[in-house]
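Q: In case you want the letters, here they are:
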Amino acid sequence: MSKILASDFLSHRDAIRESLKGGELKSAIARLKQFWSVSPNLQVASFVNAELGQQKQELFSKKKVFVLRSSTIEPIIPLFRASGYLLGFELDVTVGDFNTYQQEVLDPSSLLYSSSPDYCILALDSRGIAQDVWFDGSTLDESTLRDRVSSISDRLIQLIQTFRNRTDAHLIVHGLEVPHWETVGLQDSRRDFSLRDAFEGVNASIRGFVRSQSNTYFLDIDRVARSVGYDNWCDTPKWVLARTATSSTYIPKIANEWMKILCATTPAACKVIVTDLDNTLWGGVIGEDGLEGIKIDPEYPGYAFQAVQRCLKEFKSDGGLLAITSKNNERDALKVFDEHPGMILKKTDFAAMRINWEEKHQNLRSISEELNLGLDSFVFIDDNPVERDAIRKFLPDVDVLELPRDPNHYASTIRDNPRFAKVIISGEDKQRNQLYIERKNRDDAVKSAESIDAFYHSLNQVVRVVSTGPLTLPRIAQLTQKTNQFNLTTRRYSETEILTGIEQSNWDVLGIQVTDSFGDNGIVGVVILKPITEEDWEIDTFLMSCRVIGRKVETAMLAVAMNRLSTRGCKRVEGWFLPTAKNDPCKDFYELHGFHKAGESASGTRNLLEMNRYVCKVPSWIKIEEN
Amino acid sequence: MTQEFETRVISIVAEILNLQKEEIDVGSKKADFPSWDSMQNLNIVLAIEQEFGVEFPPDAFGEITGVDSLIGVLRKISA
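First to last, the protein sequences are chains A and B. Whatever position you read off the first sequence (first residue = 1), add 2 for the numbering used here. Whatever position you read off the second sequence (first residue = 1), add 12 for the numbering used here.
The set of hints was computed from the structure by calculation and includes no laboratory data. Some hints here could point you the wrong way.
Said to hold, decoys possible - Calculated pairs, DSS-like style, for lysine-lysine (alpha carbon to alpha carbon, straight line, at most 25 Å): (1) K35/A with K297/A; (2) K35/A with K23/A; (3) K28/A with K58/A; (4) K42/B with K23/A; (5) K35/A with K88/B; (6) K273/A with K297/A.
Unchecked claim - Between beta-carbon pairs, the in silico distance windows are: (7) D71/B with S145/A: 38 to 46 Å; (8) W359/A with Q32/B: 43 to 51 Å; (9) P70/B with K64/A: 18 to 26 Å; (10) D37/B with P387/A: 32 to 40 Å; (11) S368/A with P70/B: 41 to 49 Å; (12) E341/A with S90/B: 36 to 44 Å.
Every value quoted in this text rests on a predicted model; they were computed, and no experiment measured them. C-beta: ideal position from N, C-alpha, C; glycine also.
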């Protein structure tokens with residue numbers, strides 16, 4: 003699809019409205035996403051916000067956002083809200099008054115704090131906060147310029163620090179745009195400390211400070227401006243007239259950058275990219291053009307496909323999983339991986355492959371089963387619009403990337419997609435691929451083992467409790483954020499919340515590490531125990547990564563928890579099971595482990611067990627190590 | 013071309029102000045719609061710029077009194 007004109011959109015929007023009325027929310031969203039990917043403009047945004055704003059609120063994850071600003075950022079808000087809806091978020095955005103960002107941050111009773119936002123965006127711009135330097139900096143003497151730079155940096159860092167002291171909300175800090183013109187006579191370039199140095203200096207200080215803070219992210223606006231070219235990015239007349247500095251064509255980019263950070267800090271991030279091969283990973287069709295005919299090299303047109311492969315490689319090295327679904331003879335396709343010198347991705351980069359003549363939606367389903375990950379954590383990449391439409395139709399949970407016609411733009415389309423964004427990278431994420439590949443070997447072992455019992459014995463599983471500390475807390479919090487399937491209560495916690503619970507409310511937080519004969523799975527389970535009275539405790543959180551589902555690890559985890567509780571003098575333990583769309587795999591957990599149902603509410607069931615009735619059912623083939 | 017300009021501009025204004033197609037036509041004035049305030053006026057201008065790939069000159073802002081003047085400006089700058 004090329005650019006969609008207002009009149010084209012007009013003819014489609016009634017159809018979309020109809021499908022929304024008919025309750026087909028997911029397919030309407032899939033269709034809107036297509037429009038959005040080619041025309042992320044204010045018109046489409048208004049439509050999305052009006053239509054999806056009428057849908058049931060529980061369909062979207064609600065986030066409160068507060069924007070502090072020094073310019074007119076209002077036109078960005080509808081774009082941001084629309085992209086939120088399309089990715090499953092309902093954004094409740096408050097914009098602070100013009101240029102009151104300092105008061106908002108410094109006054110503890112300001113609306114910023116009283117509205118308790120999930121996200122705050124400090125969207126300051128160079129012209130707004132350093133107008134004198136921006137316009138006249140090149141004629142200031144160097145020591146004055148240096149003084150101005152450090153006072154601007156200090157002021158901003160102070161603001162960030164104050165904010166951080168008062169709230170755990172995520173904070174997105176805009177960097178400053180750097181002046182893009184040379185002064186008359188190349189004067190600025192001749193100086194020891196140029197105007198450019200001044201703004202880059204402020205950015206470097208803020209970036210450095212932000213890195214040292216948790217839940218705080220630096221948004222390099224100058225990078226975004228450079229990517230489109232400053233002359234395109236700036237609309238100076240509009241800044242003079244309406245205090246909006248970015249040209250209308252590129253304001254959607256700012257909304258998209260905000261969205262990337264929002265996605266990166268929620269479980270909406272994509273976990274698996276499933277890609278096609280012909281004309282997606284390489285140019286041409288291997289079955290027709292042969293190994294010599296396909297295009298994948300540093301020259302035209304093969305370089306565009308190498309760029310796609312590099313993007314996928316980046317995604318994988320950041321802890322994402324890659325998979326293939328392609329209509330091909332498997333032998334032909336694998337030969338490309340084995341023999342073509344231009345290939346950047348190797349066979350071992352993929353956690354699952356379906357190279358066959360099956361329908362792709364069936365392949366995606368079976369990949370989802372093999373990897374034990376829900377289809378809503380999948381993004382599908384395919385050059386063929388027909389295949390894309392089929393996936394939209396059959397598997398509306400899968401996010402289908404709308405690729406432009408020209409393969410030269412495939413890579414930037416992938417890079418700009420907010421669902422691939424990630425900020426919390428624990429060492430564990432990077433290992434995950436290795437873990438899945440080990441798991442693949444494990445699954446192969448299941449097939450070959452004579453009996454399942456013999457297999458379990460051969461696993462040599464060791465379940466170990468790790469101490470809660472700075473090294474393990476990020477992973478523990480991350481698991482509460484990301485785990486959907488084996489999660490009894492699906493309560494999401496930040497690091498700070500867990501730490502506060504331990505310190506102030508006497509929580510017992512257990513990180514569970516599992517090793518087996520194939521390798522170290524890392525921390526794969528979390529149990530959070532909360533005292534109600536001295537003798538009554540609640541299992542607040544009990545979750546396990548899908549990496550170890552089906553190996554009785556949960557039984558061992560419960561044994562560990564029960565042990566802890568009895569040393570603390572607990573007599574009765576209770577736990578809720580709160581059903582969600584995904585946690586079916588653990589719905590019988592309490593019943594299977596001797597708890598009886600003691601209550602029920604609209605959100606779930608309460609289960610109870612007297613400690614002296616507990617019977618440990620840990621199989622002999624799991625070893626438990628407690629410290 | 014004129015016809016198409018009109019349809020596209022009307023559709024943008026209707027979408028931004030959240031109006032039904034029947035509520036707006038070429039003769040509609042800014043003053044007729046309480047929701048067409050200065051912020052929505054900016055949004056309308058930016059939406060038209062995005063749609064037509066143009067930039068409204070600063071002078072043009074003062075000339076916007078309704079749908080017909082938006083079309084007039086657009087015609088002038090894309091001529």
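Q: Run every hint past the structure and note whether it holds.
A: Okay, the hints, checked on the actual structure:
1. A hinted pair counts as satisfied when its Cα atoms are at most 25 Å apart, and K35/A with K297/A does not qualify at roughly 30 Å.
2. The hinted pair formed by K35/A and K23/A meets the criterion: a straight-line CA distance of about 18 Å does not exceed 25 Å.
3. For the hint pairing K28/A with K58/A, the CA-to-CA distance comes to about 13 Å; that is within 25 Å, so the pair holds.
4. Of the supplied pair hints, the one linking K42/B and K23/A is violated, its CA atoms being roughly 32 Å apart against a limit of 25 Å.
5. For the hint pairing K35/A with K88/B, the CA-to-CA distance comes to about 34 Å; that exceeds 25 Å, so the pair is violated.
6. Between the alpha carbons of K273/A and K297/A the distance comes to roughly 28 Å, so the proposed pair goes past 25 Å and is violated.
7. As the Cβ distance of D71/B to S145/A is approximately 42 Å, the hint placing it in 38 to 46 Å holds.
8. For the pair W359/A and Q32/B, the beta carbons lie near 49 Å from each other, so the given range of 43 to 51 Å is met.
9. Range check, P70/B to K64/A: about 39 Å between beta-carbon atoms, so the 18 to 26 Å window is missed.
10. For D37/B and P387/A, the hinted distance range of 32 to 40 Å is satisfied, since their beta carbons lie about 36 Å from each other.
11. For S368/A and P70/B, the Cβ-Cβ distance of about 59 Å falls outside the hinted range of 41 to 49 Å, so the restraint is violated.
12. Against the hinted window of 36 to 44 Å, the Cβ-Cβ separation of E341/A and S90/B comes to about 54 Å, which falls outside the hint.
Of the numbered hints given earlier, the model fails hints 1, 4, 5, 6, 9, 11 and 12; all others are met.
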